[in-house]
Amino acid sequence: EAAVTQSPRNKVTVTGGNVTLSCRQTNSHNYMYWYRQDTGHGLRLIHYSYGAGNLQIGDVPDGYKATRTTQEDFFLLLELASPSQTSLYFCASSVNRFTLYFGEGSRLIVV
Amino acid sequence: GDSVTQKQGQVTLSEDDFLFINCTYSTTTYPTLFWYVQYPGQGPQLLLKVTTANNKGISRGFEATYDKGTTSFHLQKASVQESDSAVYFCALVDLTGYQNFYFGKGTSLTVIP
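Quick note, the sequences are listed as chains A and B, same order.
Residue 101 in our numbering is what sits at position 101 of the first sequence, and the numbering runs on without skipping anything.
For our numbering, count along the second sequence from 1 and bump the result up by 1000.
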């Protein structure tokens, strides 16, 4: 079973603050994703990557940057956090184009 | 572009009731369709997938078949249990690009014992 670990699990920051969400997967999957989950919207793709150094823009990228430093590590950066970015964030990885393995989520509150 | 639609936001059933969750999709390719389940406090996990129209995906008592004619992909279970209480997401994967998954908005199922 693939393991995807996210940190921090919970974060509170102020408007305008700087936040980095981290994700590590231990099975050398090529694909990694960042989603946000909000009531009434389901899962929305922010950014994704198909390998170290690669970045692709998802469906809701505004206000977010991402960086894939290694095969295992994928980071989501909020450089000027806003209340609209209060959400539950999930990282996921995939190797076979059919199954996503999700982490347990990072809950972010921007006050 | 590709999309999936789940109109049922919440479903409440009693144990042993029949479950039917509606999902329709839109795509210009031949899709692979999925149901993911998210239990409280966890990330979503794969429940079942169907790669070919009219084939049935079966897992843990759940089953789904996708119909190209009606572009539907419904999830059903004959007899739900309290442990099935979760959020269920329909999804499809775009095989023509960088493997982008498209998720529905999710259906929250509550099963009353």
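Keep in mind the hints are simulated off the structure, nothing from the lab.
Note that the Cβ used here is the ideal one computed from N, Cα and C, for glycine as well.
You may find that some hints are simply not true.
As the list claims (entries may be wrong) - With a straight-line Cα cutoff of 27 Å, these simulated BS3-like cross-link-like pairs (lysine-lysine) come out:
{"no.": "1", "chain 1": "B", "residue 1": "K1049", "chain 2": "B", "residue 2": "K1077"}
{"no.": "2", "chain 1": "A", "residue 1": "K11", "chain 2": "B", "residue 2": "K1105"}
{"no.": "3", "chain 1": "B", "residue 1": "K1056", "chain 2": "B", "residue 2": "K1105"}
{"no.": "4", "chain 1": "B", "residue 1": "K1068", "chain 2": "B", "residue 2": "K1056"}
{"no.": "5", "chain 1": "A", "residue 1": "K65", "chain 2": "B", "residue 2": "K1105"}
{"no.": "6", "chain 1": "B", "residue 1": "K1105", "chain 2": "B", "residue 2": "K1007"}
To be verified - Just so you have them, the derived chain B footprint on chain A, three or more residues with Cβ under 8 Å:
{"no.": "7", "stretch": "36 to 44"}
{"no.": "8", "stretch": "65 to 73"}
Stated by the list, open to error - Partial chain B-side listing against chain A, Cβ under 8 Å, derived:
{"no.": "9", "residue": "A1053"}
{"no.": "10", "residue": "K1056"}
{"no.": "11", "residue": "F1062"}
{"no.": "12", "residue": "G1104"}
Query raised in the report: Where does the structure disagree with the numbered hints, that is, which hint numbers, in rising order?
Result: 8, 9, 10, 11
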